[in-house]
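A.B. asks: Respectively, the protein sequence lines represent chains A and B.
Its first residue numbered 1, the first sequence is counted upward by one per residue in UniProt numbering.
Its first residue numbered 1, the second sequence is counted upward by one per residue in UniProt numbering.
No wet-lab data here; the hints were simulated from the structure.
Possibly wrong hints are sitting among the right ones.
Unchecked claim - Below, in silico cross-link-like pairs of lysine to aspartate or glutamate (EDC-like), each with a Cα-Cα straight-line distance of 16 Å or less:
hint, chain 1, residue 1, chain 2, residue 2
1, B, Lys-243, A, Glu-130
2, B, Lys-243, A, Asp-109
3, A, Lys-111, B, Asp-236
4, A, Lys-111, B, Asp-224
5, B, Lys-322, B, Asp-286
6, A, Lys-179, A, Glu-150
7, A, Lys-187, A, Glu-150
8, B, Lys-312, B, Asp-343
9, A, Lys-111, B, Asp-227
10, B, Lys-243, A, Glu-112
11, B, Lys-325, B, Glu-284
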Amino acid sequence: MRVVIAEDAVLLREGLVSLLERFGHQVAAAVGDADALLAAVREHAPDIVVTDVRMPPGFADEGLRAALELRRDGLPVLVLSQYVEQTYAAELLETGTGVGYLLKDRVGDVKEFADALDRVAAGATVVDPEVVRQLLSRRRDPISRLTPREREVLSLIAEGRANAAIARELVVTEAAVAKHIAGIFAKLDLPPTQDGHRRVLAVLAYLTG
Amino acid sequence: MSTSALEALGSRPLPFLRSSWPWRALAYLLAGAVFCVVPLVVAALSEVLPGWGAVGAGIVALVAFGPFVARFERWRMRLVDLSPVPGTRERRREIGLAVLTLVAFWWIDLAIVGVAVGGPLLLVLSPVVQPEAAGAIAVAASFVGIALVPVGAYVLTAWAGARAAMVRAVLAPERAELEEVRRSRARLVDAFEVERRRIERDLHDGAQQRLVALTMTLGLARLDVPDEAPLARTLDRAHGEAKQVLAELRELIRGVHSQVLTDRGLAAALGELAARSAVPVTIETDLDVRLPPPVEIAAFYVAGEALTNATKHSSATNITIKVEKSRESLLITVTDDGHGGADPAAGTGLTGLADRLDVVGGRLTLSSPPGGPTTIRAEIPCA
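Produce the entire structure from the sequences given, and follow the hints as far as they go.
C.D. replies: Structure, rendered in structure tokens:
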């Protein structure tokens with residue numbers, strides 16, 4: 001894949017470049033601020049963008065705003081954040097599928113990180129487990145109606161896993177996973193449709209509800 | 001030890017008479033004699049200049065001498081009042097004081113010194129100054145004079161103290177004093193806030209980035225080591241520890257300064273606060289505008305402290321944070337369904353909250369009957 005990276009800390013930017021190259025991706029550009037990111041995307045037309053939230057010149061949420069802009073054109077974006085902010089996660093998820101929001105710490109788990117990148121590029125939605133954990137510990141209605149197993153399944157959905165992957169992770173059959181998911185949808189009042197988007201809606205139900 | 005002449009008047013007579021206060025009062029009042037020069041000069045001028053010229057000269061003298069009079073008054077006030085006079089340096093007040101001093105105070109000062117010192121002195125000296133009086137009467141008058149010395153001391157000190165209080169009231173009204181204290185506290189709080197942001201920035205740009213890079217390097221190194229190699233276990237452990245440090249650092253940084261508050265405002269920051277709370281929190285707000293940073297920070301602080309208190313002490317199972325914005329103030333109400341009985345005197349948390357609010361001119365009210373519920377209300381002006 002062709003990737004554009006935006007990260008203002010040089011050490012980290014170079015680390016990300018070598019990590020992605022190690023996994024066989026091509027880094028088209030690695031830049032240090034949001035404006036340069038938008039310019040690099042126009043120039044290189046990458047398959048996916050990896051960006052930090054906080055970047056020059058204001059060191060506020062420039063990276064996130066740039067990511068939201070790129071998402072309007074449907075470009076897959078993986079946003080790395082120094083810490084979990086529900087607001088940011090919700091804003092990103094509302095832009096549809098093919099988006100990821102991970103704690104920066106996760107790049108240390110190189111394999112999982114590379115895997116998350118692939119999934120976002122393929123159009124999945126990846127939310128940091130920490131976001132999900134916070135939501136599950138806080139919400140009561142209607143999330144409180146979910147069984148512990150269903151919560152586990154939902155947190156894995158939020159991480160962008162497919163049913164087969166969830167089944168492997170929880171060491172159950174795929175049919176059992178499908179049953180849990182049906183239970184989640186029912187309890188969250190998500191009517192059955194042909195649209196796979198319901199999985200994202202389920203996650204969104206936490207973030208914005 | 002008293003700190004002012006007026007205060008000294010309240011002490012017992014003997015210690016008072018033995019103290020330096022009557023003498024200080026005398027020196028204070030006598031120093032006022034220098035002002036008699038100004039009316040004398042103006043009077044002399046009126047001989048030379050036509051009537052209106054003298055009036056004009058008088059006014060010019062008042063305006064020109066105002067600051068000097070004020071400085072002199074501040075300086076000599078230390079004789080009878082040890083607490084410092086805060087400086088407002090208002091021209092209007094200084095001229096007012098000059099008028100008061102030149103028109104009235106200086107001769108009242110001298111008249112009182114004359115009565116309080118001169119009266120007893122004359123009586124004591126009556127055998128000398130009134131040789132024509134009968135010897136017995138003169139001696140009796142001397143004794144009366146001696147008996148009047150303490151009275152004179154009280155009169156001197158009382159007038160000096162009252163005069164100093166009047167000068168202080170003109171030069172440094174209490175309102176200005178409180179206002180200055182409040183402003184200085186606000187400056188302090190601002191400085192702390194700037195410092196916290198700087199610390200957060202430094203940790204974020206420095207240690208945090210390096211630790212992320214370290215975990216990444218360890219992760220990449222691990223890829224090159226086969227699972228069964230002994231090095232793999234060591235690397236895994238190092239990796240795990242680095243991640244643990246990173247997680248702890250993240251919590252620490254978050255406690256220092258809320259980035260989301262700066263970026264997205266109060267409603268978003270309260271949302272994050274609620275998300276991390278161990279007790280379920282409901283937030284009710286229709287706040288969709290950004291408020292001045294000191295207001296947002298103070299409100300966020302109130303909510304944070306109230307949440308911590310409720311979680312730690314009240315065994316609440318449900319907390320509601322309500323934020324309402326009226327035209328001139330922000331009202332933040334935190335209610336929990338715990339067992340109540342919160343006592344502001346018991347810990348420093350609630351007092352600290354009240355202090356923190358005071359800086360932005362806000363008010364804190366607490367209702368926490370035994371058995372609950374506890375409601376903390378903070379009102380912060382933000383016109």
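A.B. asks: Now, for every hint given, state plainly whether the structure supports it.
C.D. replies: Each hint, compared with the structure:
| no. | hint | in the structure |
| --- | --- | --- |
| 1 | B/Lys-243 with A/Glu-130 | holds, 14 Å |
| 2 | B/Lys-243 with A/Asp-109 | holds, 9 Å |
| 3 | A/Lys-111 with B/Asp-236 | holds, 13 Å |
| 4 | A/Lys-111 with B/Asp-224 | holds, 12 Å |
| 5 | B/Lys-322 with B/Asp-286 | holds, 9 Å |
| 6 | A/Lys-179 with A/Glu-150 | holds, 9 Å |
| 7 | A/Lys-187 with A/Glu-150 | holds, 10 Å |
| 8 | B/Lys-312 with B/Asp-343 | holds, 14 Å |
| 9 | A/Lys-111 with B/Asp-227 | holds, 14 Å |
| 10 | B/Lys-243 with A/Glu-112 | holds, 14 Å |
| 11 | B/Lys-325 with B/Glu-284 | holds, 12 Å |
In summary, this structure violates none of the numbered hints.
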